[in-house]
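Q: So you can see what is in the structure, the chains are spelled out below.
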Amino acid sequence: MNTRSIRKFVAVSAVAVMSVGALSACSNGDGGSADGVTNLTFWHNGTAEPILGIWQDAVDEYEKANPDITIDVVPIQNEDFATKIPLALSSDNPPDIYFNQGGGLLATQVQSGQVADITELTSGWLDELGAASGNWAVDGVQYGVPYASQVVGFWYRTDLFAQAGIDAPPTTLDELNDTVETLKAAGIAPIAVGGKDRWPDAFYYNTFAVRECGEDVLKKGLADADLSDDCFTRAGQAVIDFIATEPFQDGFNGTPAQQGAGSSAGLVANGQAAMELQGTWDKSVMQGLTDTDLDPLLGWFPFPSVEGGKGDASATLGGGDGFSCTQEHAKECVDFLEFLSNDDIQTKLVESQVVAIPVKAAASSAITDPVVKSIYDFNSEAAYVQTYFDIALPTGVGSALNDAVANLFAGQGTAESVAEAVKAAK
Amino acid sequence: MSTTTAVVTPDVTTAAGSPSPQGTTRRRRSTLRKKLELALLLGPATVLFVAFVFFPLVAASYYSLFDWNGFGPLTDFVGLDNYTKALGDPLFQGAIGHNLFIVIASLVVQLPLSIALALLLNGKIRGRTGLRLLVFTPYVLSEAVTAVIWLSLLQPHGVVDGLLEGVGLGGLVQLWLADQNVVMFTLFAVITWKYIGFGIILFLAGLQGVPEELREAASIDGASGWQTTRLIVLPLLGPTIRIWVFLSIIGSLQLFDLVWIMTLGGPAGSSTTMATYLIDRGFRRYEFGFGSAVAIILFVICFVFALFYQRFALRRDTQGALTGRVE
Numbered sequence: 001m002n003t004r005s006i007r008k009f010v011a012v013s014a015v016a017v018m019s020v021g022a023l024s025a026c027s028n029g030d031g032g033s034a035d036g037v038t039n040l041t042f043w044h045n046g047t048a049e050p051i052l053g054i055w056q057d058a059v060d061e062y063e064k065a066n067p068d069i070t071i072d073v074v075p076i077q078n079e080d081f082a083t084k085i086p087l088a089l090s091s092d093n094p095p096d097i098y099f100n101q102g103g104g105l106l107a108t109q110v111q112s113g114q115v116a117d118i119t120e121l122t123s124g125w126l127d128e129l130g131a132a133s134g135n136w137a138v139d140g141v142q143y144g145v146p147y148a149s150q151v152v153g154f155w156y157r158t159d160l161f162a163q164a165g166i167d168a169p170p171t172t173l174d175e176l177n178d179t180v181e182t183l184k185a186a187g188i189a190p191i192a193v194g195g196k197d198r199w200p201d202a203f204y205y206n207t208f209a210v211r212e213c214g215e216d217v218l219k220k221g222l223a224d225a226d227l228s229d230d231c232f233t234r235a236g237q238a239v240i241d242f243i244a245t246e247p248f249q250d251g252f253n254g255t256p257a258q259q260g261a262g263s264s265a266g267l268v269a270n271g272q273a274a275m276e277l278q279g280t281w282d283k284s285v286m287q288g289l290t291d292t293d294l295d296p297l298l299g300w301f302p303f304p305s306v307e308g309g310k311g312d313a314s315a316t317l318g319g320g321d322g323f324s325c326t327q328e329h330a331k332e333c334v335d336f337l338e339f340l341s342n343d344d345i346q347t348k349l350v351e352s353q354v355v356a357i358p359v360k361a362a363a364s365s366a367i368t369d370p371v372v373k374s375i376y377d378f379n380s381e382a383a384y385v386q387t388y389f390d391i392a393l394p395t396g397v398g399s400a401l402n403d404a405v406a407n408l409f410a411g412q413g414t415a416e417s418v419a420e421a422v423k424a425a426k
Numbered sequence: 001m002s003t004t005t006a007v008v009t010p011d012v013t014t015a016a017g018s019p020s021p022q023g024t025t026r027r028r029r030s031t032l033r034k035k036l037e038l039a040l041l042l043g044p045a046t047v048l049f050v051a052f053v054f055f056p057l058v059a060a061s062y063y064s065l066f067d068w069n070g071f072g073p074l075t076d077f078v079g080l081d082n083y084t085k086a087l088g089d090p091l092f093q094g095a096i097g098h099n100l101f102i103v104i105a106s107l108v109v110q111l112p113l114s115i116a117l118a119l120l121l122n123g124k125i126r127g128r129t130g131l132r133l134l135v136f137t138p139y140v141l142s143e144a145v146t147a148v149i150w151l152s153l154l155q156p157h158g159v160v161d162g163l164l165e166g167v168g169l170g171g172l173v174q175l176w177l178a179d180q181n182v183v184m185f186t187l188f189a190v191i192t193w194k195y196i197g198f199g200i201i202l203f204l205a206g207l208q209g210v211p212e213e214l215r216e217a218a219s220i221d222g223a224s225g226w227q228t229t230r231l232i233v234l235p236l237l238g239p240t241i242r243i244w245v246f247l248s249i250i251g252s253l254q255l256f257d258l259v260w261i262m263t264l265g266g267p268a269g270s271s272t273t274m275a276t277y278l279i280d281r282g283f284r285r286y287e288f289g290f291g292s293a294v295a296i297i298l299f300v301i302c303f304v305f306a307l308f309y310q311r312f313a314l315r316r317d318t319q320g321a322l323t324g325r326v327e
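Those sequence lines, one after another, are chains A and B.
Residues 1 to 426 in my numbering are what the first sequence lists, from first letter to last.
Residues 1 to 327 in my numbering are what the second sequence lists, from first letter to last.
It is possible that some hints are incorrect.
Keeping only pairs whose Cα atoms sit at most 30 Å apart, straight-line, the calculated DSSO-like set for lysine-lysine is [unchecked claim]:
1. Lys426/A with Lys220/A
2. Lys423/A with Lys34/B
3. Lys348/A with Lys423/A
4. Lys423/A with Lys219/A
5. Lys219/A with Lys360/A
6. Lys194/B with Lys426/A
7. Lys85/B with Lys84/A
8. Lys348/A with Lys84/A
9. Lys423/A with Lys310/A
Quick caveat, the hints were computed from the structure, so don't treat them as lab data.
Bear in mind that the values here come from a model prediction, so they are computed numbers and not experimental data.
Modelling step: build the complete structure from the supplied sequences, incorporating the hints.
A: Next up, the structure:
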């Protein structure tokens, strides 16, 4: 072989090797512990301040106290978790610590075999987090730890209520209907809903079901993904009847929930709609969409009671945010999660108003806003908190439920169609 | 494709040091060199193609035969059930219909419009460069950015409604994205806004290939402007039109970003496309086996169309390149 062809041969081989190397490099970010330092990857959904900084500060503090641990923090947009997690959990290299919302979603993820059983590792301190952690257990096995609870209720504009001459928020469905009429008469869009995103529609079906169904029927129906009980049909009918009173803003089926001033959160934040049925987090979303200080303008009331319903009127729809660990570094992950749930960090989350309902009771003393305090108390006194149906059910079924409720909002379907969709997706 | 098919089997050892006659060695060397060149030039692309196109395609075909939620092993073999389920789902049938609507509307509206605007901008008018730049601007935006902008502009009582009311056309105001009977037209208008510039630039380039002499000759023969356009310019624009049609149809069949961001396929599935249906089932419902089947259906539709179009419509334009012979 002459030198020219040798050179070429080398060049070709080099290119080939480099291509292969480039491909395998994609799967190379492992947590090597050759030098005694364990590297963890931490995926969370706090992409904006203040929570972004709170997690980063916590990591810095933890790394300082534990020189043998380094943590790569990867903030990921909340909506991207749905696509990234299944891919990560089917790879050889899932994140060591990752955000999730528990329930049926977590149960689906557990099927990957990658999510770590942390029952024993957390047994010493999990009790301190109260009942909230139950949502991160699947068949009695603990697969995650919450850092915040959320409940769903109506956020409302006190100034618009006053303008329409309404002195107290409604406590029954009839009163809510009256409130809607009064607001309409005053030329105010009564309720904003982010129908484009579908899950905000589902909050109506879910809360009506919480009011219509007794606790046992509700829990069993969701556990079996079987909503054939009559109370679920009544919930479906209640949604249809409620939509028929035209309580929502114009074009609500095309409105996004949280993006931009035209979103349902934006409409309330800018005084263009009076109410929104949303999770506790919505206040910080709204505040991000306006320059006005919303503290004096926002009130909150729980979903009203429904006459004849078998559900406890103090029960509520809700859920929480937390983290899970994967197998390889489960022990280190749990140690970090224990650190994360310390009173100090919990208090910071409360003070920044990112979290209204901390899982540690001690942090609740940091709540200063009377509205947030009322939500915290409501949650503490609730008969029970039912996880959002789309999270409680296995993922595919939950999405099918959301889609079916969204169809009701678009005028398609009957009182039974949600139960039928759930059955079909099971 | 290369015109040399390998006549001599490459044999590195003999090429390296065999005592064969000078001529043969040189020939072998040059063959070897060609092979190495090919390997060097095509190698990286081939590796990438196999890794990121061919392998995922094979994997998706395999997944599509299972009922699989993306977690754990593939155990639940269901044969072609996913395919029959998809094709029998009214929502997916609706999605195919929406894609066809975009395909046809693009051909009927965008094609004449972009040719007309290209002809206009090809004439000697004031501020031509500025206008050309202006119509091309939307095409430079990413589809996601376009969608976010129009999503806010089209909200009720938003900018678009305000503009219409401002010019006395308030009666035309619709629930652009919330009305199930309007939403596809709204999306089509946004698509047209975004992609018309691309068509115009393409046709402007095509128009540069129409010799000025032919127009002059036609006008000397007494042809009117319209006759010149119809009988001389348009036929010579044929190859450009055919390639535009090809790109437009493929783009319309794969429509995703814009719809996903603006409507998520709603309300009640009234703007679902094949691609949004696929992502919705795959990633939102974790039906990865089913989603793979939908992906394969979408692929087959696009691939079959592409093959037929290339074979029949583009044959003259790509002669030799695809048919394998030069006539």
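Q: Hint by hint, say whether it matches the structure.
A: How the hints compare with the structure:
| no. | hint | verdict |
| --- | --- | --- |
| 1 | Lys426/A with Lys220/A | 15 Å, holds |
| 2 | Lys423/A with Lys34/B | 62 Å, violated |
| 3 | Lys348/A with Lys423/A | 43 Å, violated |
| 4 | Lys423/A with Lys219/A | 16 Å, holds |
| 5 | Lys219/A with Lys360/A | 25 Å, holds |
| 6 | Lys194/B with Lys426/A | 40 Å, violated |
| 7 | Lys85/B with Lys84/A | 26 Å, holds |
| 8 | Lys348/A with Lys84/A | 28 Å, holds |
| 9 | Lys423/A with Lys310/A | 23 Å, holds |
Of the numbered hints stated above, those contradicted by the structure are hints 2, 3 and 6, listed in ascending order.
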